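S.K.: Could you put together the complete structure from these sequences and hints?
Number of protein chains: 2
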Amino acid sequence: MKHTVLSVPERLEAFRNEMKAQGLDAYIIPTSDPHMSEYPASCWKYRKWISGFTGSAGTVVVTADKAGLWTDSRYFLQAETQLAGSGIDLYREKLPDTPSITDFLITHLKSGATVGYNASTYSIQDAASLSTEMKKHGIKTDGSKIIADAVWEDRPALPSGKVFEMPLEYAGTATPEKLSRIRECIGNAGADYTVLSALDEVAWTFNFRGSDVAYNPVAVGYALIGEERAVLFMDEKKLPAELKEKFEGYGIELLPYEELGIELKKLPANSRFLLDKANTNASIAESLPEGSVIITDISPANVLKSIKNDAELDGFRSAVLKDGIAMTRFFKWLEETMSRGEKVTELSAATKLKAYRAEQPLFLSESFAPISSYGPHGAVVHYSPTPETDTELRPDSLYLIDSGGQYLDGTTDITRTIALLPEPTDQMKSDFTATLRGTIDIAMARFPKGIRGCLLDAYARHALWDAGINYLHGTCHGIGHCLNVHEGPQSIRMEENPVKIQTGMVMSDEPAMYRAGEYGIRTENMIVVKDDIKTQFGEFLSFETITLCHIDTRLVDKSQMTAKEIDWLNNYHEEVYSALSPHLSEEERGWLRRKTLPI
Amino acid sequence: MKHTVLSVPERLEAFRNEMKAQGLDAYIIPTSDPHMSEYPASCWKYRKWISGFTGSAGTVVVTADKAGLWTDSRYFLQAETQLAGSGIDLYREKLPDTPSITDFLITHLKSGATVGYNASTYSIQDAASLSTEMKKHGIKTDGSKIIADAVWEDRPALPSGKVFEMPLEYAGTATPEKLSRIRECIGNAGADYTVLSALDEVAWTFNFRGSDVAYNPVAVGYALIGEERAVLFMDEKKLPAELKEKFEGYGIELLPYEELGIELKKLPANSRFLLDKANTNASIAESLPEGSVIITDISPANVLKSIKNDAELDGFRSAVLKDGIAMTRFFKWLEETMSRGEKVTELSAATKLKAYRAEQPLFLSESFAPISSYGPHGAVVHYSPTPETDTELRPDSLYLIDSGGQYLDGTTDITRTIALLPEPTDQMKSDFTATLRGTIDIAMARFPKGIRGCLLDAYARHALWDAGINYLHGTCHGIGHCLNVHEGPQSIRMEENPVKIQTGMVMSDEPAMYRAGEYGIRTENMIVVKDDIKTQFGEFLSFETITLCHIDTRLVDKSQMTAKEIDWLNNYHEEVYSALSPHLSEEERGWLRRKTLPI
Chain A
148 MKHTVLSVPE RLEAFRNEMK AQGLDAYIIP TSDPHMSEYP ASCWKYRKWI SGFTGSAGTV
208 VVTADKAGLW TDSRYFLQAE TQLAGSGIDL YREKLPDTPS ITDFLITHLK SGATVGYNAS
268 TYSIQDAASL STEMKKHGIK TDGSKIIADA VWEDRPALPS GKVFEMPLEY AGTATPEKLS
328 RIRECIGNAG ADYTVLSALD EVAWTFNFRG SDVAYNPVAV GYALIGEERA VLFMDEKKLP
388 AELKEKFEGY GIELLPYEEL GIELKKLPAN SRFLLDKANT NASIAESLPE GSVIITDISP
448 ANVLKSIKND AELDGFRSAV LKDGIAMTRF FKWLEETMSR GEKVTELSAA TKLKAYRAEQ
508 PLFLSESFAP ISSYGPHGAV VHYSPTPETD TELRPDSLYL IDSGGQYLDG TTDITRTIAL
568 LPEPTDQMKS DFTATLRGTI DIAMARFPKG IRGCLLDAYA RHALWDAGIN YLHGTCHGIG
628 HCLNVHEGPQ SIRMEENPVK IQTGMVMSDE PAMYRAGEYG IRTENMIVVK DDIKTQFGEF
688 LSFETITLCH IDTRLVDKSQ MTAKEIDWLN NYHEEVYSAL SPHLSEEERG WLRRKTLPI
Chain B
148 MKHTVLSVPE RLEAFRNEMK AQGLDAYIIP TSDPHMSEYP ASCWKYRKWI SGFTGSAGTV
208 VVTADKAGLW TDSRYFLQAE TQLAGSGIDL YREKLPDTPS ITDFLITHLK SGATVGYNAS
268 TYSIQDAASL STEMKKHGIK TDGSKIIADA VWEDRPALPS GKVFEMPLEY AGTATPEKLS
328 RIRECIGNAG ADYTVLSALD EVAWTFNFRG SDVAYNPVAV GYALIGEERA VLFMDEKKLP
388 AELKEKFEGY GIELLPYEEL GIELKKLPAN SRFLLDKANT NASIAESLPE GSVIITDISP
448 ANVLKSIKND AELDGFRSAV LKDGIAMTRF FKWLEETMSR GEKVTELSAA TKLKAYRAEQ
508 PLFLSESFAP ISSYGPHGAV VHYSPTPETD TELRPDSLYL IDSGGQYLDG TTDITRTIAL
568 LPEPTDQMKS DFTATLRGTI DIAMARFPKG IRGCLLDAYA RHALWDAGIN YLHGTCHGIG
628 HCLNVHEGPQ SIRMEENPVK IQTGMVMSDE PAMYRAGEYG IRTENMIVVK DDIKTQFGEF
688 LSFETITLCH IDTRLVDKSQ MTAKEIDWLN NYHEEVYSAL SPHLSEEERG WLRRKTLPI
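Protein sequences appear in the order of chains A and B. Its first residue numbered 148, the first sequence is counted upward by one per residue in this note's numbering. Its first residue numbered 148, the second sequence is counted upward by one per residue in this note's numbering.
In case anyone wonders, no lab produced these hints; they're calculated from the structure. Keep in mind that this is a model prediction, so the values were computed, not measured. Just so you know, not all the hints are guaranteed correct.
Because identical chains cannot be distinguished in the list, a pair is counted as satisfied if it fits within a single copy or across any two copies.
Said to hold, decoys possible - Lysine-lysine pairs mimicking DSS-like chemistry, simulated, CA-CA at most 27 Å apart:
(1) K681 / K576
(2) K241 / K681
(3) K677 / K241
(4) K596 / K241
(5) K283 / K413
(6) K596 / K576
M.R.: In structure tokens, the structure reads:
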């Protein structure tokens, strides 16, 4: 096999030739992988391969004589640079003059044309709406032609990372019990089977963790679960012998990863499948036996996984304690290093923090690429420093660091913003206080059982909105247990999400504000949903904040806070000091004491 | 014609005979009328006629040997009483053991059976889902057989109330301009026609008001609007000659009410109709010409109507001033009458308030049946006194009055809760203060342009939730301009509603709490959405509170409020006094001054 690396125009040419050979007039290449992962493995980075664009979101469309990349405002500058000379035009999403992909296809194709896409990179729902939209204009769609595989000259192999068993001590619930709960959900939905395609759902259900993808300890695989059967589709070389034996004992069948489609086709005709149409790839739907019915709902494993058991909650509490120790050492080191006038950059700071985390027991890896951002970089919402952008931290602005760890007993996600300058400006204090009030108001919320997360979002934004400020991302996302740092199905955000907030869910609490060209501010804690009081008006839930790390009180303007908010902050700091101090040196304790004094 | 009034069992027998004659195995009789009105005219009260049940919500299902009424918890007691001996079983909705109507039909019908309903009482959407559900069990549905009309022995005629022109001075926008805006919406949606079926949309578009229905100044009619045509389907005897002439001048065709279906069938085949499937009756969909496509969206007249023009807003401000004068006189009268030891009841109080309103210029009627409720009656959310329930107001509890007026220049809706006892209890004060804080926090809200109402609902509930209290109805509904006191499409409530809150919308602001067996508390003001500041974070909107009536400060516990909330209340009272006092007698002024002193 020849391994010459082609240029993007050469790839496009080869791609177009193959498109033509397979009778397609256009082809859509989204970012998704077959598992709808946030971080696709390299072998599925089709869109990056065809375009050279490395952002985390974007879709390429290729026709016989045009090619375009659609991406959002976070990536306009980066895409412009990376697409230069590629022959691919940049389509800036959500600008008034930018046509949608549908509009583009309608304009550039004639009735009777065919648009191709790889069904395994499209959700069932998106594939259906693409087909409906195109049909209106006499254009056909075909999800069965996988052009890229034929022309990608050095496509990486499927990842072959090893898998290890998640000890029951940390997982809390054994696989047979999880399978039986999933089966109960399948039955309640009136279905016969479900397919787990999200990698974290597979890892959670079968109590293993993997190493196929950066930051997310998952392994490439699928599962098929029915009343009588549980089949794990995974390269058996990944699995340790003891785990294979355990699976055998549980009656779990192990089949090669590639055989999901074959196995689905063998199931009885007219079977009923419980599948989440928005998060299951369309090639799975196309592999179902004749007469199958899809009952669409959130995957049962996704729902069950989001409600943490006691062992998982204990693990989270242990993980945030370790994280708090690392964060305290990091901020002390940062303050002292900078005050000695030694150079610290965004990257060197992140490296130091990782080293402090790595000293802690059961540390596996970071849970995402840290957002270590000085001054104006803090205002770039998804900024993550690279050697090209790395900037020195200077004592004249704010520093925001959003980071987390994967520990065997839990996953963490924490953001703190600190003043690097001795005297923060009034605007900084007022911005910081309004944002912090959001974090605190979510933390203190009591709310009726059964409500959707979006109803609480205004708690996070109230003080910011009052100041004429808003942020455009969500406030709270679910956090996996030694799994993906972003998980569903729940959320607290402005967008509608029908999922109810339930006791045992673990989430982030991260209101924010971004002053373009100046700085970004975010104080992010982890919260656990717990039962609160029961009154004649019903049952109420509330949150427990579990993150243990001081908040920079030099940035707090007490006069803008309510008495309850001030109490919360002072109590929180007392709790942080009590929990962390037994694990710190005397010097560290003294330093943390000063950082946690009441305001 | 014989006019013997039959008993419910006799009606059921006649109904079943007709059902059988027409080949139906079951029949569903909902509360809706062909216009999906909140208050159906008597001729459409099919469900009340067949069952004797007079509640505002409920559905009757009749089979050959069973009959049931499904209604919600507000009406369990009333329905039990009214259904006694009728042969109709009560099905209590939302109780765990209550089967749904679908379940009931599946259980009692065999595959091959046919369920009838009157398509004009079912929305397109509900008819479609009924058909889908029944099909799954081999049961057919038929919306074309109108059983009740054949057997209803003394069915009232269609209402023939007179219509008057809404002066342009109050309407603000002339009909040709409204038609052209509706046509723009039709064009933007890619449609050819729309049908207005909601009576308030018809009245708004054609700038008339009617008298066919209690409280809502509307008239029975439909409209068909396309690029070239505007047809009003209405009994021409309703219309004054001058208005008919005006319509003729505008090129508006006038056809009999009954001819909508005939006219729709005459339209060109393959026409595209912009219809709100959730709010348009299914018989309209069935009358569309061959090959028609329905583009579903909120009716353009509904959206346009919700955004008030300057003349309408000026009218609202005039109406709330008149309402405030009436409310002040009423509360002064109530206080003085009760302190003299004279008997006042819920009904006599409501009558007095109506009389004060009626003294005001341009008063037409009340805008709904007043909720005049003493003590425990206040905790019954939809209570409205009747001679049977009428209770004397005694100086030992709270009194809640929710009422409103239809004035030619605007519609009002206001609730106040006052202490009848000299020393309210701590619980009363704490309940009242938490509820009032909700009203104030909505009133003070600043929020980004473009958000959905449900995101603001937590502002209304924050203080209540903190106290372990909740209320199960919405917080803010739209209010028509000399039209329905409840109108859409916007709302602020826990349920998802995709409609964005926009400048010019007029709404209620009515957080509440209901302590069963003790009292209910609600402070309701009218608010207008207005432009607020524009910052680097975007455009913001806020509310202007326009209702002018004092709030009982004896029930306010200042220590539970924030400084901003206290300021709001004191400023509001200053505004109420300044606005009302020039219109009051010296004695009334003095009384109001005392009621509006700062806390």
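S.K.: Determine for every hint whether it applies to the structure shown.
M.R.: Status of the hints after comparison with the structure:
Within a single copy, K681 and K576 get their C-alpha atoms only as close as 38 Å, which misses the 27 Å cut-off; across copies the closest is 21 Å, which meets it. When the C-alpha separation of K241 and K681 is checked against a cutoff of 27 Å, the pair qualifies only between copies, where the shortest distance is 20 Å, while the shortest distance within a copy is 45 Å. For a Cα distance limit of 27 Å, the shortest separation of K677 from K241 across copies, 26 Å, qualifies, whereas the shortest one inside one copy, 39 Å, does not. With identical chains, the CA atoms of K596 and K241 are at most 27 Å apart between copies only, with a shortest distance of 17 Å across copies and 36 Å within one.
Proximity of K283 to K413 under the C-alpha cut-off of 27 Å is restricted to the inter-copy arrangement: shortest distance 26 Å between copies versus 34 Å within a copy. Taking the shortest alpha-carbon separations for K596 and K576, only the inter-copy value of 26 Å comes in at or below 27 Å, while the best intra-copy value is 35 Å.
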